[in-house]
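Below are the chains, spelled out letter by letter.
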Amino acid sequence: MFTIGKLASLTSVSNDTLRYYEDEGLVKPAGKSPAGYRLYDQDSARRIHFIKHAQHCGFTLAEIRELLVLRGRDRACCGDVRKRAIEKKLQIENKIRAMEAMSKALDQLIAECVNEAQPAKECTIIAALERANVSMSMQ
Amino acid sequence: MFYAPACAECVAAQAKLRGAAKEAVRDLEWHEVNILDDLDRAVELGVMTLPSIAVDGELVFTSMPTATQLRTALVERNKGSR
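Each protein sequence line maps, in turn, to chains R and Y. The letter at position 103 of the first sequence is residue 103 when you use my numbering, and the numbering goes up by one with no holes. The letter at position 4 of the second sequence is residue 4 when you use my numbering, and the numbering goes up by one with no holes.
Careful, some of the hints might be misleading.
[Stated by the list, open to error] Derived SDA-like pairs: lysine to any residue, alpha-carbon spacing no greater than 25 Å straight-line:
1) K88(R) x A24(Y)
2) K52(R) x M48(Y)
3) K52(R) x T3(R)
4) K95(R) x A54(Y)
5) K22(Y) x A67(Y)
6) K89(R) x Q14(Y)
7) K89(R) x D27(Y)
8) K104(R) x K16(Y)
9) K32(R) x E22(R)
10) K95(R) x A13(Y)
11) K88(R) x D27(Y)
12) K16(Y) x G79(R)
13) K52(R) x A35(R)
14) K89(R) x L39(Y)
15) K89(R) x K22(Y)
16) K89(R) x A13(Y)
17) K16(Y) x D27(Y)
18) K79(Y) x D38(Y)
19) K88(R) x K22(Y)
20) K95(R) x K22(Y)
21) K104(R) x Q14(Y)
[Stated by the list, open to error] Over 12 Å on every C-beta distance to chain Y, these chain R residues come out as not near it, computed from the model:
22) N15
23) R82
24) A85
[To be verified] Estimated spans, in silico, between C-beta atoms of each pair:
25) V25(Y) x K104(R): 35 to 45 Å
26) I92(R) x E9(Y): 54 to 64 Å
27) E122(R) x Q14(Y): 51 to 61 Å
28) E116(R) x E9(Y): 38 to 48 Å
29) T72(Y) x C57(R): 57 to 67 Å
30) Q14(Y) x A98(R): 50 to 60 Å
31) M99(R) x S63(Y): 56 to 66 Å
For the record, the hints were derived by calculation from the structure and aren't laboratory data. Positions of the beta carbon are idealized from the N, C-alpha and C atoms, including for glycine.
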């Protein structure tokens, strides 16, 4: 059994994060020491590694909670997990497209601003953003 | 209809939804698109959940509709397009 500090160092997350995971229902101590300190077991460490890997793949903590439930459910199958992974990929691909559009918009603004010595008030980027504000507020 | 084989409820509902769609609109063209075969098309339409149903290039359902909901949506759209 590990103390919270030991688990934190084993998994490279902070004590506060572990307490937050507990509040979020993601990890709970396996027991308490006679002095009332949280004690964790190997399964807690496995869950923390699982959470970190899932976060690297873009899953939110709420989604990770669902994955952990599926992981422990006898009737769940790989297809249930794969469906969630496909939906996550779709969300990420949508974000990539949106960011590519932002990047292209910035390319245009950067290309239009050729005189860097001009006062900021007269900067074409500022002017273009102001026009964008006006057109957005009129929508 | 955008689905994935991993989505058991999508696969199970396909025949029923296809039937409802064809019943609602004569000469309707119904396509079942496996997301994994045409991810780009799905992303272009903004599909983020399974199943999703697009009609005439517009995303109409982002979760599983009942046969009645699909039928109603198609009939309404068909009325509007006449």
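Hints and how they fare:
1. K88(R) x A24(Y): 33 Å, violated
2. K52(R) x M48(Y): Holds, because 23 Å separates the two Cα atoms, which is no more than 25 Å.
3. K52(R) x T3(R): At roughly 19 Å apart (the allowed maximum being 25 Å), T3(R) and K52(R) satisfy the hint.
4. K95(R) x A54(Y): Holds, at about 20 Å.
5. K22(Y) x A67(Y): 11 Å, holds
6. K89(R) x Q14(Y): 23 Å, holds
7. K89(R) x D27(Y): 34 Å, violated
8. K104(R) x K16(Y): It is violated: about 43 Å lies between the C-alpha atoms, which goes past 25 Å.
9. K32(R) x E22(R): 14 Å, holds
10. K95(R) x A13(Y): Given that 25 Å is the threshold and the Cα spacing comes to 29 Å, the pair is violated.
11. K88(R) x D27(Y): 35 Å, violated
12. K16(Y) x G79(R): 21 Å, holds
13. K52(R) x A35(R): Judged against 25 Å, a Cα distance of about 30 Å means the pair is violated.
14. K89(R) x L39(Y): At roughly 9 Å apart (the allowed maximum being 25 Å), L39(Y) and K89(R) satisfy the hint.
15. K89(R) x K22(Y): Distance of about 31 Å is beyond 25 Å: violated.
16. K89(R) x A13(Y): Holds. K89(R) to A13(Y) sits at ~23 Å (cutoff 25 Å).
17. K16(Y) x D27(Y): 17 Å, holds
18. K79(Y) x D38(Y): 30 Å, violated
19. K88(R) x K22(Y): The given pair, whose Cα atoms are some 31 Å apart, is violated under the 25 Å limit.
20. K95(R) x K22(Y): Distance of about 34 Å is beyond 25 Å: violated.
21. K104(R) x Q14(Y): 39 Å, violated
22. N15: Check passes; 35 Å lies beyond 12 Å.
23. R82: The assertion about R82(R) is violated, with a minimum of 4 Å to chain Y.
24. A85: Per Cβ check, A85(R) is inside 12 Å of chain Y; nearest 8 Å; violated.
25. V25(Y) x K104(R): 35 to 45 Å: 38 Å, holds
26. I92(R) x E9(Y): 54 to 64 Å: 23 Å, violated
27. E122(R) x Q14(Y): 51 to 61 Å: 59 Å, holds
28. E116(R) x E9(Y): 38 to 48 Å: 57 Å, violated
29. T72(Y) x C57(R): 57 to 67 Å: 38 Å, violated
30. Q14(Y) x A98(R): 50 to 60 Å: 30 Å, violated
31. M99(R) x S63(Y): 56 to 66 Å: For S63(Y) against M99(R), whose Cβ atoms are near 26 Å apart, the range 56 to 66 Å is violated.
Comparing the model with each numbered hint stated earlier shows that hints 1, 7, 8, 10, 11, 13, 15, 18, 19, 20, 21, 23, 24, 26, 28, 29, 30, 31 do not hold.
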